[in-house]
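**Q** So the chains spell out like this:
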Amino acid sequence: MRISEKFSELKKKKEGALIAYICAGDPTPSATKEYVTALVRGGADIIELGLPFSDPTADGPTIQAGIERSLNGGMTPDIYFRTVASLKMHIPLVVMTYYNIIFKRGHEKFVKDCAASGISGIIVPDLPPEESGDLAGFCRKNDVDLIFLVAPTTTDERLKRILAEAKGFIYLVARLGVTGARSDVASSTRELIQRVKTTTPKAVGFGISSGKQAAEIICAGADGVIVGSAFVDIIASGKDVPARLEVLARELKEAISLG
Amino acid sequence: MRISEKFSELKKKKEGALIAYICAGDPTPSATKEYVTALVRGGADIIELGLPFSDPTADGPTIQAGIERSLNGGMTPDIYFRTVASLKMHIPLVVMTYYNIIFKRGHEKFVKDCAASGISGIIVPDLPPEESGDLAGFCRKNDVDLIFLVAPTTTDERLKRILAEAKGFIYLVARLGVTGARSDVASSTRELIQRVKTTTPKAVGFGISSGKQAAEIICAGADGVIVGSAFVDIIASGKDVPARLEVLARELKEAISLG
Amino acid sequence: MKRELKSTKFGKYGGQFVPEVLMPALEELTEQYERYKDDSVFNEELNYYLKDFAGRPSPLYHAKRLSKEYGVKIYLKREDLVHGGAHKLNNTLGQALLARYMGKKRIIAETGAGQHGTACAMAGAAFGIKTEVYMGAKDTVRQRMNVYRMELMGTKVIPVKGGSQTLKDAINEAMRDWVANVETTHYLIGSVVGPHPFPTIVRDFQSVIGKEVRTQIMEKEGRFPDSIVACTGGGSNAMGIFHPFIEDDVDLFAVEAGGSGMKVTDKEALHSATLCTGEDGVLHGMRTKVLQNKYGQILESSSIAAGLDYAGVGPELAYLADIGRLKPCNSMDAEALEAFNDLCIFEGIIPALESSHAVAYVKKVAASGELGDIVVINLSGRGDKDLETVMGMRK
Amino acid sequence: MKRELKSTKFGKYGGQFVPEVLMPALEELTEQYERYKDDSVFNEELNYYLKDFAGRPSPLYHAKRLSKEYGVKIYLKREDLVHGGAHKLNNTLGQALLARYMGKKRIIAETGAGQHGTACAMAGAAFGIKTEVYMGAKDTVRQRMNVYRMELMGTKVIPVKGGSQTLKDAINEAMRDWVANVETTHYLIGSVVGPHPFPTIVRDFQSVIGKEVRTQIMEKEGRFPDSIVACTGGGSNAMGIFHPFIEDDVDLFAVEAGGSGMKVTDKEALHSATLCTGEDGVLHGMRTKVLQNKYGQILESSSIAAGLDYAGVGPELAYLADIGRLKPCNSMDAEALEAFNDLCIFEGIIPALESSHAVAYVKKVAASGELGDIVVINLSGRGDKDLETVMGMRK
Ligand SMILES: Cc1ncc(COP(=O)(O)O)c(C=O)c1O
Ligand SMILES: Cc1ncc(COP(=O)(O)O)c(C=O)c1O
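Residue numbers (numbering that gives the first Met the number 0), protein chains in the order written: chain A, 0 to 258; chain B, 0 to 258; chain C, 0 to 394; chain D, 0 to 394.
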């Protein structure tokens with residue numbers, strides 16, 4: 000499913016999108032299918048599935064630890080694409096990885112692998128638009144969305160260009176800092192949502208962990224929320240993981256279903 | 000007894016002089032009388048009695064250790080002079096100490112204390128003639144001999160001046176180096192004995208420990224030998240000290256009694 | 000978006016592979032650096048600190064006894080005499096001052112062995128700027144003296160407990176901090192690595208080394224050297240001495256750490272010879288040569304010299320190696336130790352183990368004539384910090 | 000005996016209180032020193048090594064932040080940047096070169112904390128002269144890093160097991176060695192102490208410090224400083240910076256180690272403030288101020304700074320103190336530690352604990368106006384060697 004279709008569908012239902020992140024292969028490749036299924040059962044609208052990189056600069060300690068577990072569990076890009084293909088998802092799935100993984104595999108091969116395994120979008124936190132020309136080209140050819148990030152520090156000039164190139168959704172970085180669960184919603188987040196004027200859906204990530212936060216963000220005008228660390232925390236605990244992932248997803252989804 | 004008288008007496012007897020060194024107060028002030036008596040019994044002609052100084056630069060490890068024992072045993076200049084006075088010696092006694100002890104006591108007081116306690120000569124290894132003017136003056140006034148050292152390195156020019164000022168006996172330093180028992184007689188020692196032409200008696204010290212060495216030195220033209228470390232070694236052993244001091248003194252004295 | 004992309008790269012290397020949140024900071028830094036780099040007030044102040052605080056110029060010393068031993072005329076550029084004991088301070092003074100001119104209230108940095116962190120602490124203290132340094136938790140234990148040094152100078156050392164608890168985790172954590180505090184904080188990168196404009200800024204601040212050599216060697220020899228040899232971790236001491244000679248007929252040798260051998264597994268390399276054996280990749284914000292496995296995961300590198308122990312290398316060096324302007328080469332741990340020893344015995348100079356790699360390469364190839372008649376070695380640092388390591392190895 | 004006795008003394012201090020066996024060696028040294036001291040070839044070679052090997056001139060650094068903190072304009076003479084990390088090398092290079100010109104095949108020295116020994120090892124290695132260093136057995140354990148440094152540079156370190164197994168025993172033992180090997184061996188004394196001509200020779204070789212300050216302060220201030228402050232153990236860094244200003248209107252402060260207090264027993268002093276509290280005496284070949292008991296036995300001295308921990312002091316300093324040309328003063332251990340800290344925090348310079356005594360004195364009296372408006376502190380060395388001590392004290 001294309002990401003834009005999903006957002007249109009949700010718009011009609013007056014629901015915000017719940018984009019749920021976990022790291023593939025955390026803690027083993029075989030666990031991923033079960034966890035993703037639980038998230039979908041709970042109501043996740045889009046799954047953002049991390050493809051682990053040894054040096055995840057943009058992630059906080061929680062996700063970094065998940066990535067380490069995944070790498071120690073033997074996850075590789077080859078296994079990743081096989082795992083994803085086996086998921087046979089009915090909702091959009093986006094891959095989140097760092098640029099060197101893509102660079103090393105080759106832009107074309109990577110994008111084709113995405114398309115073939117059913118991935119709709121690519122998020123690369125260390126690839127700003129200035130460096131993304133090659134990858135964007137292959138994405139266009141293969142109908143895969145290259146999703147860009149916008150931060151509170153992004154200047155109006157940069158914002159204009161990013162919006163012009165935006166595909167799928169715009170990833171609004173809620174705050175200065177890295178991923179990791181926090182309990183409040185920064186005023187800078189509201190400002191950023193206001194500032195980003197576009198028809199492309201806007202999803203807000205970084206630091207969202209509760210239904211209350213998620214609801215405030217949707218109220219503030221976002222089309223979706225991205226939640227990662229809160230789910231990865233559950234996986235890290237190792238206790239009752241599928242059930243608890245489902246419960247949290249449901250809580251979040253209910254909070255942003257205003258229809 | 001004046002030193003010169005002793006040498007005259009020995010000359011007549013065709014004996015070399017045995018000058019025996021121990022450190023006063025090694026290991027306790029009270030031991031000194033017993034040890035000196037033993038040396039005299041063994042045949043020592045002159046006693047050189049060390050007055051300990053904390054930093055005995057010119058002494059080797061053996062005598063240095065004796066000095067340490069003495070200082071730890073509580074020896075002070077005051078006790079030293081009292082001890083010496085109590086000895087009531089019939090042979091000459093010379094004090095060997097470092098210059099700071101004299102300097103601190105005051106030249107005049109030191110020399111008067113020597114004279115009053117029956118000391119006939121003063122040896123100060125760190126006081127070359129250039130610096131000895133003050134002390135020499137008081138020595139002359141009090142009939143105490145200031146004894147100078149001559150080394151293999153002493154130039155002819157220096158030698159001339161030292162001989163002009165020499166009193167009591169000339170202390171010939173047998174070799175480059177510091178005090179300490181050795182078993183051979185260096186050829187430089189013979190040369191030095193030849194080179195020092197004077198009517199003042201010549202005694203050779205540094206490294207003499209056996210009758211054989213002592214005899215060779217007297218044969219080479221010296222008027223006496225100074226033996227220290229070999230005696231201090233015996234004191235250090237702590238075993239049978241008076242008897243063994245006497246035995247060694249006798250061995251040495253016999254070896255140099257050519258009469 | 001008026002930025003001239005071209006200028007962020009050296010050939011295909013370099014660039015800015017960082018989270019969007021940092022892009023404006025890099026733009027600001029680029030602009031401000033452009034503004035101050037030729038500013039006379041800025042340069043006067045910097046030069047004052049380089050001279051009176053850091054002790055520049057560092058001598059160019061003709062090592063007569065080593066020359067005789069190795070069979071080639073050797074000059075040592077004495078960065079070991081710079082305050083702090085290495086070339087690192089040239090860069091930290093430059094960037095700390097730049098940060099002050101930019102109005103930043105805080106400096107952060109990463110450090111491995113602690114050399115760069117110490118140099119940051121010195122610059123931070125001298126300029127009165129709050130300084131915090133990230134350091135792998137393992138490194139804080141191994142290098143506790145450097146931690147103590149930094150703390151004495153008022154720098155907060157933050158142990159990084161994630162990952163391998165070493166340099167790369169410290170870099171990651173410092174980047175995260177910068178992402179979070181980019182408005183008030185300058186990230187003071189310690190070598191010619193990271194996203195543009197860092198490789199250029201650090202190279203420029205380190206170029207004082209090569210500029211001095213130009214003058215000094217002309218005074219002494221009336222000509223340039225035939226070759227210049229420098230050890231290469233990130234590559235800042237190498238670029239610092241090479242750059243002013245790029246247009247000249249002088250051969251440049253970048254000596255990497257050969258470690259204990261060229262063996263590589265899926266997770267680690269026994270060496271840190273990135274230019275020699277690395278493949279194109281993207282790490283720490285730059286495209287460059289990288290030690291990586293077939294999937295693009297970064298390898299743990301290895302070297303007896305902590306300062307050379309890095310899986311990447313400055314993009315400009317990768318470019319210069321590609322076009323044949325510099326020759327990448329390497330010395331093994333054991334060769335470096337031997338050279339360390341030689342310099343102690345023949346010259347009374349205890350070199351850093353990093354710098355010893357450069358000396359070792361000269362020893363190895365001098366007889367082949369490859370270096371010509373006159374060689375300048377960048378003695379990037381002193382070896383006091385390495386005594387424990389060397390003691391351990393020799394037993 | 001044509002020697003002019005007068006010239007062996009500074010007033011009543013100095014002289015040659017050594018065994019007869021050494022007198023000719025002292026004469027030879029005096030003659031040879033007279034011969035080379037103004038020799039242009041000798042001086043050219045020495046200056047070359049001072050510049051390119053040792054890294055001279057050392058900067059005169061205006062410590063702005065410390066000045067503000069202490070309330071007086073402070074310049075630091077940066078001997079901490081000299082190769083080896085202290086002023087000691089100025090003297091060892093000079094004497095080692097002199098030894099070579101004199102045809103000596105071997106150098107011996109004594110060392111306490113190992114600073115002078117290390118400087119000897121450096122000079123010995125650079126000139127290729129066999130070097131042996133006596134060191135108290137206790138000190139070899141306490142300062143094992145410096146022992147290792149010396150050994151790395153090919154110097155034989157001989158542990159002295161006699162006496163207190165510390166510096167004074169090492170001096171005694173070195174003197175004994177010299178007595179035994181005087182023909183082939185130069186005894187390289189490490190401070191302005193010992194028999195004539197050592198105090199003069201060492202002072203002259205160290206005077207490069209003060210000579211540079213003359214030029215540097217004129218460039219910076221257009222006038223001489225009001226005062227110069229230097230820590231004083233034997234007194235070589237003090238005489239080195241004072242001597243060129245003796246004829247000028249500049250106040251000189253010799254800061255001794257106040258240790259943990261002025262208490263003195265029959266055997267030891269809790270301080271090393273020899274100029275302040277010592278009495279006339281004769282030690283190590285010279286007449287000078289000495290810490291001694293009423294019988295003339297030398298006391299064990301004490302200081303947190305190993306390099307100041309000496310019961311004697313250079314005779315020229317005793318003389319200058321007597322005639323009022325310099326002011327003897329002192330800083331306590333705790334004050335020195337505080338100053339150490341200040342310099343770290345405010346200037347990014349880790350000073351030697353010895354040098355910290357000079358800084359501490361400035362801190363203590365700056366407000367009184369005693370130092371005038373501009374003060375030069377001789378920062379005689381860096382504090383890397385002292386980190387363990389400081390860590391221990393702060394816990
Ligand atoms: C003395 C020394 N040399 C070299 C290096 C390597 O860094 P670079 O390659 O950036 O010069 C370091 C790093 O810490 C160092 O301390
Ligand atoms: C750094 C430093 N300063 C001062 C001294 C004291 O020596 P002097 O009084 O001869 O300068 C020493 C002695 O080791 C030292 O290492």
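The set of hints was computed from the structure by calculation and includes no laboratory data.
Accuracy of the hints is not assured; some may be wrong.
Simulated pairs of lysine-lysine, DSSO-like, Cα-Cα distance not exceeding 30 Å [what the hints assert, rightly or not]:
{"id": "1", "chain 1": "B", "residue 1": "Lys159", "chain 2": "D", "residue 2": "Lys8"}
{"id": "2", "chain 1": "D", "residue 1": "Lys137", "chain 2": "C", "residue 2": "Lys50"}
{"id": "3", "chain 1": "B", "residue 1": "Lys103", "chain 2": "D", "residue 2": "Lys266"}
{"id": "4", "chain 1": "B", "residue 1": "Lys87", "chain 2": "D", "residue 2": "Lys104"}
{"id": "5", "chain 1": "D", "residue 1": "Lys129", "chain 2": "D", "residue 2": "Lys104"}
{"id": "6", "chain 1": "D", "residue 1": "Lys11", "chain 2": "B", "residue 2": "Lys103"}
{"id": "7", "chain 1": "C", "residue 1": "Lys11", "chain 2": "A", "residue 2": "Lys111"}
{"id": "8", "chain 1": "D", "residue 1": "Lys293", "chain 2": "C", "residue 2": "Lys210"}
{"id": "9", "chain 1": "D", "residue 1": "Lys219", "chain 2": "C", "residue 2": "Lys36"}
{"id": "10", "chain 1": "C", "residue 1": "Lys67", "chain 2": "D", "residue 2": "Lys63"}
{"id": "11", "chain 1": "C", "residue 1": "Lys155", "chain 2": "D", "residue 2": "Lys67"}
{"id": "12", "chain 1": "C", "residue 1": "Lys293", "chain 2": "A", "residue 2": "Lys140"}
{"id": "13", "chain 1": "A", "residue 1": "Lys111", "chain 2": "C", "residue 2": "Lys8"}
{"id": "14", "chain 1": "B", "residue 1": "Lys103", "chain 2": "D", "residue 2": "Lys63"}
{"id": "15", "chain 1": "D", "residue 1": "Lys219", "chain 2": "B", "residue 2": "Lys108"}
{"id": "16", "chain 1": "D", "residue 1": "Lys293", "chain 2": "B", "residue 2": "Lys108"}
{"id": "17", "chain 1": "D", "residue 1": "Lys293", "chain 2": "C", "residue 2": "Lys129"}
{"id": "18", "chain 1": "C", "residue 1": "Lys326", "chain 2": "A", "residue 2": "Lys103"}
{"id": "19", "chain 1": "C", "residue 1": "Lys67", "chain 2": "D", "residue 2": "Lys8"}
{"id": "20", "chain 1": "D", "residue 1": "Lys67", "chain 2": "C", "residue 2": "Lys219"}
{"id": "21", "chain 1": "D", "residue 1": "Lys67", "chain 2": "C", "residue 2": "Lys104"}
{"id": "22", "chain 1": "D", "residue 1": "Lys326", "chain 2": "C", "residue 2": "Lys36"}
{"id": "23", "chain 1": "D", "residue 1": "Lys262", "chain 2": "C", "residue 2": "Lys63"}
{"id": "24", "chain 1": "C", "residue 1": "Lys155", "chain 2": "D", "residue 2": "Lys363"}
{"id": "25", "chain 1": "D", "residue 1": "Lys8", "chain 2": "B", "residue 2": "Lys140"}
{"id": "26", "chain 1": "C", "residue 1": "Lys63", "chain 2": "D", "residue 2": "Lys293"}
{"id": "27", "chain 1": "C", "residue 1": "Lys50", "chain 2": "D", "residue 2": "Lys104"}
{"id": "28", "chain 1": "B", "residue 1": "Lys103", "chain 2": "D", "residue 2": "Lys219"}
{"id": "29", "chain 1": "B", "residue 1": "Lys111", "chain 2": "D", "residue 2": "Lys266"}
{"id": "30", "chain 1": "D", "residue 1": "Lys219", "chain 2": "D", "residue 2": "Lys262"}
Ranges of calculated distance between the beta carbons of each label pair, as one might list FRET restraints [said to hold, decoys possible]:
{"id": "31", "chain 1": "B", "residue 1": "Gly220", "chain 2": "D", "residue 2": "Thr183", "range": "21 to 31 Å"}
{"id": "32", "chain 1": "D", "residue 1": "Ser39", "chain 2": "C", "residue 2": "Lys63", "range": "12 to 22 Å"}
{"id": "33", "chain 1": "C", "residue 1": "Lys63", "chain 2": "B", "residue 2": "Ala163", "range": "43 to 53 Å"}
{"id": "34", "chain 1": "A", "residue 1": "Ser29", "chain 2": "C", "residue 2": "Lys104", "range": "45 to 55 Å"}
Quick reminder that beta carbons are idealized off the backbone N, C-alpha and C, glycines included.
**Q** Against each hint, give a clear statement of whether it holds in the structure.
**A** For each hint, the structure was consulted:
| no. | hint | in the structure |
| --- | --- | --- |
| 1 | B:Lys159 x D:Lys8 | 24 Å, holds |
| 2 | D:Lys137 x C:Lys50 | 40 Å, violated |
| 3 | B:Lys103 x D:Lys266 | 16 Å, holds |
| 4 | B:Lys87 x D:Lys104 | 52 Å, violated |
| 5 | D:Lys129 x D:Lys104 | 7 Å, holds |
| 6 | D:Lys11 x B:Lys103 | 15 Å, holds |
| 7 | C:Lys11 x A:Lys111 | 24 Å, holds |
| 8 | D:Lys293 x C:Lys210 | 63 Å, violated |
| 9 | D:Lys219 x C:Lys36 | 25 Å, holds |
| 10 | C:Lys67 x D:Lys63 | 45 Å, violated |
| 11 | C:Lys155 x D:Lys67 | 24 Å, holds |
| 12 | C:Lys293 x A:Lys140 | 26 Å, holds |
| 13 | A:Lys111 x C:Lys8 | 28 Å, holds |
| 14 | B:Lys103 x D:Lys63 | 48 Å, violated |
| 15 | D:Lys219 x B:Lys108 | 57 Å, violated |
| 16 | D:Lys293 x B:Lys108 | 14 Å, holds |
| 17 | D:Lys293 x C:Lys129 | 55 Å, violated |
| 18 | C:Lys326 x A:Lys103 | 25 Å, holds |
| 19 | C:Lys67 x D:Lys8 | 44 Å, violated |
| 20 | D:Lys67 x C:Lys219 | 42 Å, violated |
| 21 | D:Lys67 x C:Lys104 | 20 Å, holds |
| 22 | D:Lys326 x C:Lys36 | 48 Å, violated |
| 23 | D:Lys262 x C:Lys63 | 52 Å, violated |
| 24 | C:Lys155 x D:Lys363 | 29 Å, holds |
| 25 | D:Lys8 x B:Lys140 | 27 Å, holds |
| 26 | C:Lys63 x D:Lys293 | 54 Å, violated |
| 27 | C:Lys50 x D:Lys104 | 38 Å, violated |
| 28 | B:Lys103 x D:Lys219 | 48 Å, violated |
| 29 | B:Lys111 x D:Lys266 | 27 Å, holds |
| 30 | D:Lys219 x D:Lys262 | 43 Å, violated |
| 31 | B:Gly220 x D:Thr183: 21 to 31 Å | 29 Å, holds |
| 32 | D:Ser39 x C:Lys63: 12 to 22 Å | 20 Å, holds |
| 33 | C:Lys63 x B:Ala163: 43 to 53 Å | 51 Å, holds |
| 34 | A:Ser29 x C:Lys104: 45 to 55 Å | 49 Å, holds |
In summary, the structure is inconsistent with hints 2, 4, 8, 10, 14, 15, 17, 19, 20, 22, 23, 26, 27, 28, 30 from the numbered list given earlier, while agreeing with the others.
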